[in-house]
Structure formats: structure tokens, C-alpha cells
Amino acid sequence: MTVLAPTKKKSSISFVQEALRGLPLAIPLALVVIGLAIGAPGFLTSTNLENVLFAASVLVIPGLAMTLCITMGEFDLSIGSTVALTGAVACTAIASGMGTGVGLVLALLVGAIVGLLNGLIITKLGVTPFIATLATLVIVRGVAQAFTNGRDVIVSDPVLKYFASGRPLGIPFPILLAIVALVFMLWLTYRTRFGRWVAAIGSNRDAARLSGLPVDRIRILVYVIIGIAGALWGIMISAQLQKGSGQLGVGFELDAITIVVIGGTSLLGGRASVVGTVLGALLIETISNGLNLLNVPPAYQRISIGILLVGALAIQAIRRKVPVEALDDKH
Amino acid sequence: MTDHAALLEVTGLTVEFPGVKALDSVGFDVRPGEVHALVGENGAGKSTLLKVLGGVYQPTAGSITLAGSPYTPSKPHDAIAAGIAVIYQEFTLFPDLTVAENVFAGREPFGKFSRGIHYKQMRDECNRVFKTLDFDVDPDTRLGDLSVSEQQLVEIAKALSVDGRVIVMDEPTAALSQSEVERLLEIVKKLRDEGRSVIYVSHHLEEVFAVADRATVLRDGTHVATLDIADTDQDQLVKLMVGRDVKSVFDRDKSSFGEVVLTVDGLTSGRSLRGVSLDVRAGEVLGIGGVAGAGQTELTQAIFGALPIRGGTMTLDGTPFAPSTPAQAIARGVGFLHDDRKTAGIFPHLSVAHNLTATILEKIRGWGGLLSTSKEQGAYNGYRDRLRIKASSSSQLISQLSGGNQQKVLLGRALAPGGKLLVLNEPTRGVDIGAKAEIHQLVNELTASGVAVLMVSSDLPELLGMSDRIVVLSQGAVVGRLSGEDRTEENVIACATTDRRIGVTA
Amino acid sequence: MKHTKMWLMAGAITATAALALTGCSTGDAPAGGDGETKTDITVGFSVYDMQYEFFQEMEAGTKAAVEANGWDYVLHDEKSDENEMVTGAQALLDQGVDVLIISPFKPDALGPIIAKAQELGVPVIVDDIGGGGTPYDAIVVSDNKDGGVQAADFIDAQVKELGLTSKKVVSITCEPSAVYAAQRNIGFVEQIESLGYEVVTELSGNSKAEEAYTIMKDALAKDPDVAGVFACNDPMAVAAANAISDAGKNPTTDIVTVGYNGDGEALTAIDGGTLSATVAQDPKGMGALTVDLAKKLLDKEDIEFGNADEREVYQPVTLITKANVADFLK
Amino acid sequence: MTNTDTAMLAASIQPPPQKKGFSFGAFWDSWGIASVLVVLVIVAVILEPDFLSMGNIQSILRESAYLGIVACAMTFAIMNGTFDLSVGGQLALVSVVTLFAYGVGGTPLALAAAIGTGIACGLINGALVTALRVPPFVATLGMLFVFRGIAYVLTQNGPAVLPYSEVKSPFAQIGSLNVVGIPLTFIIMLLVFGVGYVVLRRTGTGRKVIAFGSSPLAAKFSGISAARIRLFVFVILGLSVGIATLTYITRVWTADGSAQDGFELRVITAAVLGGASLQGGKGSLVGTFSAVLLVSVLNDLLVSMGVGASYQRIILGCVLIVALAIDGLRTKFPGSSALRKALSFRNKRVATAG
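Chains as they are written, first to last, in the numbering used here: chain Y, 1 to 331; chain Z, 332 to 837; chain G, 838 to 1167; chain R, 1168 to 1521.
A couple of the hints might just be wrong.
[Claimed, not checked] Covered stretches of chain R, as calculated for chain Y (at least 3 residues, CB under 8 Å):
no., stretch
1, 1280–1286
2, 1290–1303
3, 1435–1448
Because the hints were derived from the structure by calculation, they are not lab data.
By construction, the Cβ of each residue, glycine as well, lies at the ideal position given by its N, Cα and C atoms.
Isolated chain Y (complex conformation) (with noise of 0.2 Å):
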């Protein structure tokens, strides 16, 4: 623990500095970038560079919000499900003629809910959040399947394409949610005691409590963040697809948890690197969108996305000369 072994530097942090955390990550990025406009063709387009920010920006909004959890110290791997579930709500609520109003409410609420669960598993129950989310995980998947029951809920709804091919003042919908979400991430991480709280129960949850911080009701909160987070992430594939399935989203909480281990979240709690998180989201589909460009198979982008990963740490951690006993996640 840093307590037992202080350096003597005594760099003041300001703000910015805090909320820069990660801005290393924009050199891979622009290099990655360069070889691209030099390589692959169309890839300088508007059109396509606005394609790679729509698609990290559907991205961002989930992994914003994976950033508190493991700021926490903790995960959550059912946001995969709860893509699915929500975004079947909130078809199912639109094509039954509810109204594109209460299908997206709907969606909301039930993302809530399962955040909710979550939380509740964990703090009430103390099932450590690795294994509870697992077990939501499965259980979600099943829920939106058993919802469906197979049949993909088709709906046309000019409201929820809104959240696809939307563009106030000319920006993309998504892309313009992002932009709120960074912000508001911002200054929820880094400028409210919400934010510092989190952090606080990342970096030693022991002190929180002795320090009086409600610490069970910050993480079951944290939890129905994400998954709201997911709901919202539901709603914009089903809006990009124009339909809900119980299959959608398969994997996808291992492609939030990735962009913000790459952005330079510690895994060990304590310190959140939001505009990391962006940069990591931006990475990653600047890599698959520059592979689809030149024909590669998803394959490789499986491989680079890995290694990028592997890399990332493993220079954090050299450089900090972490002993094998210390790498532990404290799940």
C-alpha cells in the first residue's frame, strides 16, 4: 500500500492534472491515426471519421460509466445483458403501441432495476461483484431471451432512429450524448463528493467507512448508474438496428471493461481516468474501423485489441515496479 511505502516527491495535483490521467494514451492513437490516413483508403473521409466517432461514442457512454465501478475497485460484466433486456423493452413497448416516450422510460427503469439487483446482491448478500454480475450476467441473458422468446421485435420508429441518424446542429445523436456524458462524467468524478467518494472506497474502503462515508449505498448507486449506462447503450444499438433481440450485446461488458483498463483506470481502485476512457474508446474503433477499411478480418482486431491491452498494463506497471504479490484485484 502507498501508505507503507511514501515517495518523497510531493507533486501538487490540480484538476486538470486529475482529469488529464491517461492523456498518454492520444500518442498511440495519433500514430495509429497517421498510418491510417497514409494507408487505408477513405479513411481521412468525413464520412468515415465521423463513423469511427459515432461508433466510440456508443461506446463511451457505458464505459464512462464501468470507469466509476472500477474506480470502486469493483466490475460489472452483466452490462452485456442488459443491453439485450433493455433494448427488447423498449422495442417490445414501441411496436405494442405504448409510445416511443414510455419504451425508452421503460428501458431506463428496467436497466435501473437490474443495477439495482446488482447492488443489493453484492452489498446485502456480500457476494464479491465478480461473481454476483456473473451470475446476473446469465441470468439477464436469459430474462431478455425468455422476453423474446426468440422472435426479434422489429419496430420503424422515427423517435428511436432518432438515437442512431439524429443530428442536431449537425452532430450526431450519439455522438452529441457523448460529449454530455464526458462532461458530465467530469465533473461528477472529479468535483462532487459522489465522485470523491468513489474514489475514496476504491482507495481504502476501510477509511471510508471509519470516515463515515455511506459506503453500501455509494456502490448499490454506482451499480444502478451502469445500469442505466446499459440501458442507454441498449436503446442506441436497437435504434441503429431498428429492433430488439435477446441476443444483441454478447460480449460487450469485456469491450466496456477494456476501454477503461486501457485508459488508465487503476483496476486496484482509487483513480478514474475519465478522458482515458475516451481515448481508449476512440483507440479501439479507430483500430477496427482502419482493419474494415482494409479488408482484415475481425480476427486481427481481436488480436491487436488484446495486445494493446496487455501492453498498456504491462508499462504501467513496469514503470511502477509493482511486486507479484501486490497485482491482485481486490474482487
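Start from chain Y and add chains Z, G and R according to the hints.
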């Protein structure tokens, strides 16, 4: 001091944990504007009492009144709200947050409308409090970047900024240098003069006599006495704390010592250990004294190969000794006892036997290189009898044993590799009086049988009573070598905390 | 002590397992395990994954036909898992079905199933996907390659009709393991190239709508002037169509978008003018056809194959466009 | 902290000790999941009379093997305080390589390839964790992508297959052979668990694995090398995948990059269901063994009862939560609590306060 109604009154307070009675109907009172010392041996129940005041534990029985009205905190927040600020022994800080965020954790001022934290206000308040501590650190520093003693001061600043009526300090000087200690004592006096009450817990009786108006003595979770500092002295307090004449606990027959087992020459290691030289002879206990953080840990861990050696040489039994891993030290017959039994000592999920043999797995191999249950049982039985370990069976989980018995098992683990040299850190920390005496007895027996012991202890009576010679460290260097008549409490403290030097050519 | 306890436990479990085995270890049981005299025929159907509309239709068709014959029917859902496929299908054989109909999640995993079936003398009819080079008795497939060809011809015709100048087309494939489905894109590519077009992007969407959506968007970014798209299944086709309209183009008039299967979502899309066409298979019909073949096999009649050496029986495919979609929308 | 919180802290490093007399805690720790299995089997026999049919039992045991073998090694890892998210990718990659190897050099080369590739994967993970100091979670998550990716690349022109012409080959027999009615794959699994048990409980290395998981710091000061132990754990994980592949691929005959997606989570589920604690130090091979069978029996029962795939998922997930909640509540409220009384816990924690 005029005797008006008590501000805080504790009556018949009892706290039971599954298995033990941590506090047994304890009662005492704290007057407004008084410094009330709480003294007692480790395990006397001081910390439990403070945790009750802090709302961490709920009492099984008894009552507390604050300014006449009942005070029943159910969570730490209640205590803070009631104006009772507790500085716990174990840090309650967040290494990843800034100093200011730490000081205000849970009480951050924020905009009613924007909901944003008012960082400027926090910074100013911090600087104000830091000034009173004349403690110079930027509130925006990340706490993890501060030294341990600086972090301790942040703890104190945290309590002061609560602006509490009652400020409770549990071993606040544990990690402070002498000058910092004096500053702190000044602050405590100032707080009293401001009319606040301070509950001051410390092992260092000289501090108690320096600031306290009254002292309450606890022993084994019971209230022994509350007396005015004016009409008592250290010896009386110590007697009350220990419950018997201190001298009687320790009787080392300082007979002839054997060959030199370990020589350390100019050892430099870790953050603070600078050119330490010493030697230990067979059958001898060499005590290491000094204020906490003076380099004891670095010294012992370097000797055990757990800390890289940056300079100097060592010999063990006359042959060069430079372990780079604990395994190498163990292979040379060195045993090690960590001062943090809970996190760096026991294997909570393993049986007592398995805990004991952890360092000699190679020696209990049997058929086909598999571990031999019989050999393991034999090894365990041997140490069980020799160390008088009390366990229901060799397969009982160590976490089910009392602190004292756990310590004996770990002593066995340290002896098992060969019992040539034992490096003991705080061998009796957190064990009850009885076990303490027993462990002292064991150390005597071990040395009698020719084991060389290097013992670090922050418990002065123990250090003085158990050691044949004492080496005092300060800021990582040897500041005193006390033997024979020199081995007095006064000398140890003087060397550790003033510029007095004994037995060292400065 | 603890360990001996554990050993006991381990022993106990293994014992019960072994006991259970030897308990019924009356040699390798023949088909119809309990050896009761069968008065009736039982058909086992192992389906790819009931989470997909296409296979729900196929299952409905099979079930209906079986019941029409007054036979017993046992269903097993492979849940898109090759392990479950082998285990479950072999379990059906163990239960003593008289015919095994299977739409395999991984055709190449048919080997161990066919092996067991032959050992028990149970005929096996493969429904769609692929036969994995095993000695199955018959396989019912849509004429996938021809479907791809039809798609190509349609795209060419539409392009001419709409007066599109570009000769660039995109081909989105299913997962590599689906060899028969791959035939669709092979047929498509061969035909479209022979018609003088260039396939500028060919990527696998792993049969997933999400992946097809991104692939299409990126493809459009690379070549904004794409004239036609063919996707290996309808979910991917509809997703591609959505990507096209999200990119501000019309997936029927600016770009000709064609899918495969004839799923409900495709029909609605065609009706709604957001998809040009789909090559409709008839899963219900395929199901029924497999049962007919089963009857023939049991009655020892011979089957006329569309391709004898592969023992393939073709289920014709029909191109559904705006013109005839109404007949298919029920 | 409130009492329960203090308890949680302690619980996280101290299993609740037991006193004389019946203790649910003690019972659950060593017998829990196994007895649940027995109960479930009885239920199964009642609900589905032909559950006990030769074929059914055989198929359950046969198909449990590959999951069980890896779960056995995963129990080592979890008791050691870590886990491996890449085993799914490893299984896919090793399967592909093995089938290719068979095509080239027949059964012997296939066996060698499976074991060799498995160990290689383990070494890579181990090196990342011990040499490059990448946290196990990220290292194995990253390698999950990499291993699967490579498997995909290798099978771009169609999956790796065992052609039907090889149906009689000794290799194919591994997956179908029965020895006195017991499936060979299950016998292999039994052997793996047997060896695993001896290594874990009867060798110094096994003892070190548990000790390190129980308290890394105490292990350090007992001369146990963190790096060596971690490397060992990841290598045996790789080895286990190698062996598991042999029992898997000889039953399924084909593999590509998508083979057994989500395998890692199923394996961890089995180990945790078997009583292994992610905090390290705690776990039981008998428990894992029972959990593996429990999952297959449950699956088989639900299938034969015609429960839909989606409901099967829901039920399985709930089983996991209930099993862990029992554990969680026990360690969360070791003090007096209605629930504890209800379950007649006797666990007491020696307070280390004062």
C-alpha cells in the same frame, strides 16, 4: 482545575465480541477543558473503548452521556456530528486522494445548487489548520506522496478541522519525530485552553505526564483506576497497568554468551537505514530500540533478505551472509517474526501444523517427495511441547487460536529452519499479559539453549527487561549502544529522542 | 481429518456414479434402451438454436409433419453450442429414436453423431447448414448457390433500372464455419463479377446484425458510391439497410440491398420500402421435406437426390421483392 | 465501521472458526455442494425415471470431463488468489492446433500438440504476470482476445476438422470409448482430480499455492517465491486445457475461433460453486468436482424436462447466487443475526481489538 459536571461520562460500558469480553463495565468521565489520558497495556481495551466513542462498535451494555444527554452513536458519522473527533491508530486516509480531500472526507463543503465541492474553501481551511500545526504541505498534494509522519499529521489535522468538543487521539505520536511530538503536545495544550476536552491514548508515559490532567488506567478490559496526574508518578501508573511489579516479569540470567552468530557492518538499506553496525552472540538477546519508523523494520528485513541491501556487509557464523530473498536467509537458519501478525504472519486458512511447517516444507518430505503427514505431525508435536502451544489438534485452524498462541506457532515457524538466529519484531504486540510473560519465558529458554536473538520492541519495559544489550536507532542510524548499567528507560528515550549519544563515537 | 473426509466424499461420488453405470450396465443397450417393444415411430429433431426465427419456423414445419404421420416427436435445442449439439443429439439416439433429423450448429461436429447413429442403425437426415462430409442418409438444403446467383441478377437488373452508374458491390458473409451459407456469397460473387461488377468489400458479419451494421457503415465510408449489397442472412441485410439510411442514402433506390432467408423482419422491410429484396428459403417446407424423406427411408423407398453423390435434396428458393412480398406477408 | 463491517474485514482474511457440535459453516464448507448434488440426483431420478439410464449417465459423465479438468486447475488458481480469463481462448486455439497436428502426424502428434500448445499458453500468461507484472485479470483478459484471435486466423478458410474417415482412429476413440461402461473422458477427469488432489494437499508446491493465496505477505516472509508459484499456477492451467482439449475435441471433432465462447466464465462458476473463494486460500477439489457434475446434471434434467434454454440460464444463475449468498452471509454476519441462528451457525470470531 475546578470540578464542574463532566462533559463526557462513560458508565458500566461493556463490549463483547464473539468469544471475548473486550471491555467489562468500564466507567470514567471527561471534564470540559481537560486532557484525559487513557493508559494500559496492549489489549487492555483502549482502542475498543475509542471505537465505541467513535461509533464503530456498539456496546453490549452500559451508557455514555455527552453534556448530560445520552450519546449512542450507531455509525462513525454520528460521532462526527456530535462533535467527537477520533484519530484512530490505524490510518483512516485515502492514498489516492489529495490532502484536502482527506481532511474533509465525508464533510466536503459543496454548493447547494451546483452540488460541486468548494475546493477553495477546503484548501483555505486546510492551510489554516496546518498553520496551527505549523505543518507545511500543499493541500493539493496526493496523500500517497507524503511520508508516514506527514500522513499522521494529516490525520490530526482531519480531527482538528472537525472542530470537535471532544478530540480523541489514539497513539497520535506513534510515527512522529521528537520535535513533531513536542509540537503536537503544544497543540493538545492549546486545544485544552480553548476549552475542548482531549482523550489522549499513549504508551509513552512521559507524554502523558507532559500534557494530561488526569489518567484512567485500563487492564484486560476493566477499569483499574482514574487518578490526577499531579498526585501520581510513572512507576505507580506502570504498576497499575501491568498489575504486578514490572521487574518480576523479566529475569534474564545474563550468563556467559557463546560465539558471535551475526555481525552487521555498515548496513545501508531501504529508505532510511544508514550504515548500521552490530553483532549478536549465541545465547544473547540484542534489543533494538527507538521511536517508531527509526529504521527497525528496514534493519530486520534487510537481515532477512526481504529488503535489498544497498551497502555494508554481514557475516553469519563467520561466513559472509548477503541474502537477496527470505528463502536464502531461511536456508542459513535465520528465523523471522513479523510485527504485523495478522497480515504478514499467519496463514488464516491453514491449520496450526501447516502454519508451523511453512518454512521447512523441504524437510518434511517423505515417500516420493510427497509431504509426510507423520513427519509434519512430528515437527508440530516437537514445537507444540517446546513452545507450549495450546491448540485442540494439529489440524485446528490457526485463526481460531488466541493472539498469544498464534504468536507461539509463528515463533515455531521462525525456529524451524534451524533456530540459529531469531529476528523478532514486536514479539508480544497485541497478546494478552499471560501470553506475554510466557513468550518472554520462551525467549529466555531459547537463548539459554544457545539461540541468538535480535529483538525489536516499542514496549520499553520489555526492551529493557529482555535485552542483554540494546542498540538504539534514530533516523536509520545507531545513536546508542547500551549494556550493563546503561540499560535504563531514561537512556533509551534520551538517545532516541534527544542528541544524547551513548557508546557511539559520533 | 479434513482430507480423509474429502477422500470419503470423492469416493462416495465416484461410487454412486460407477454404481449407477454398472447398475444398468447390461452391455451396450440397443436402440430403444429399455428394450420395450415399440408400437410406434419416434422422430428426434436436434435444432440449431430456437432463439432464431428461422429455426423456429423449421421446427414448426418438422413437428407438424411428424404429428401428421401420427409419430412421436422429441426436440433438442443445440443452443448454438457444438458441445451441446453432440451431447444432445447422441442423447436422442440413446433414447432410441427411430430417425434423427438434425440442423447442425457445426456441420463438422456431425461425425461422432453419425458414427453413433450408424452403430445403432438409425437413419440421419441433415436439415440445412451442412453435412460435414459424413455418411448421413440425406441432406435437405436450399439451393444456396442459386440463391446467390438470383440475388446477383436482381441487383444487376435493379441497378440498370434505377440507372445507377457505379459497378461496386458489397458482400457480407456469415461465420466461416457455415459452409452451405458460404455458398450464397460464392454464388453471388461469381455471378455479379461475371456481370462486370467489382466486389469492393467482403467481410464476415458472423451472422450478427451489430457487426453487419458497422461493416456496412465503414464500407460506405470507403466507397460512398456502392451500387449494391448482398448479405448472407436477413438480420445482417436489414442492419446493412439501416446503416445505409443512417448514412443518408436510400437502401432501395440509391443502393440495392438484398438479404437471404425471408425472415419476417425482411418482409416488413421490403413492404416498407427499406429493403430491396430477400432470397426466401422455406424453413417450414424444409422441415416437412425432411420428414417425408424420413418416411421414405423407413419404408425403404429410394429418394431422388438433386445431387446424388452428396445425397442432397434441394428446397427451391424464391426471390421476394416489393412486387410479390404481399403473398408472403401473413 | 459497524460490527458487521468489522466482521467483514476479519472475515475477508479469517474463515469463521467452528465450535463443537453441529456447525452449518463446517458442514457447508466440506460437504455442502456435494450433498446438494446427491439431493439433485435423487430429485432427477424421481422427476425423470430414465435419468439413470446407462446412456444418460454416460453422456453426463462424458461431457462433464473437459469442463471439470480445467475447473480443477482453476481451483488451484482461485485458491492462489487469482484466476484465468483466457482458458476459453486457450481451448479454442489448442483445439484448432491439435486437429491440424492430427492431420499432419496422426494421434501421437495430436496428443503432443495439445499438451505442448496448452503449456505454451500457460507459460505466456505466467510470463506476462510474473515478468511483465501485468495484473492477472488484464493479462488473461487480453490473452483471451489474442488466443481466440489466432484461432480465428488459423480457421479463416473453414474450421479445423477431424474427417469422418478417421472415425475408427484411436484419437477419435478417446471421446467415445467406454471402459467397463465408464466413459474414458470421465476416467481422465478422475485421474486429473486425483493427481490434482495429491499435488495440492500432499506436495510442498501445493501447500505454497494455498499459503500464498491465504496471505501473500506471510508467504513472502516464509520464503515462498511469489513469481515461481504464480508461474506454476498458470502453467498447470495451460496443461489442464491441453488435457481437456483431448477429451473435448475427440467428442466434437471440429473447432474454430468461436469454439466454446464464454468457457472461462463457466469454469470459474464451477470452481466458485465448489466453494473456492476469490479472496484466495479457500477452496476444495471435491467441491469443484461435485459442482461440475451438479451443473451437468442440472442441465441434463432441465433439458429432459423440456425447460427452454432461456429459463435454463435463469435457473443456473440463481443457483450460483444462492450458493454464494449462503457463503457471503455467513462471512458477512458471523456475529449474532437472525439468519445465522436460522441456519444455526456456530462460527465465532476472536476479536483482535484493543
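Results for each hint:
1. 1280–1286: That given contact is violated, which follows from only 0 residues of the stretch 1280–1286 of chain R lying within Cβ reach (below 8 Å) of chain Y.
2. 1290–1303: holds (count 8)
3. 1435–1448: holds (count 6)
Hint 1 from the list above is the single one not met by this structure.
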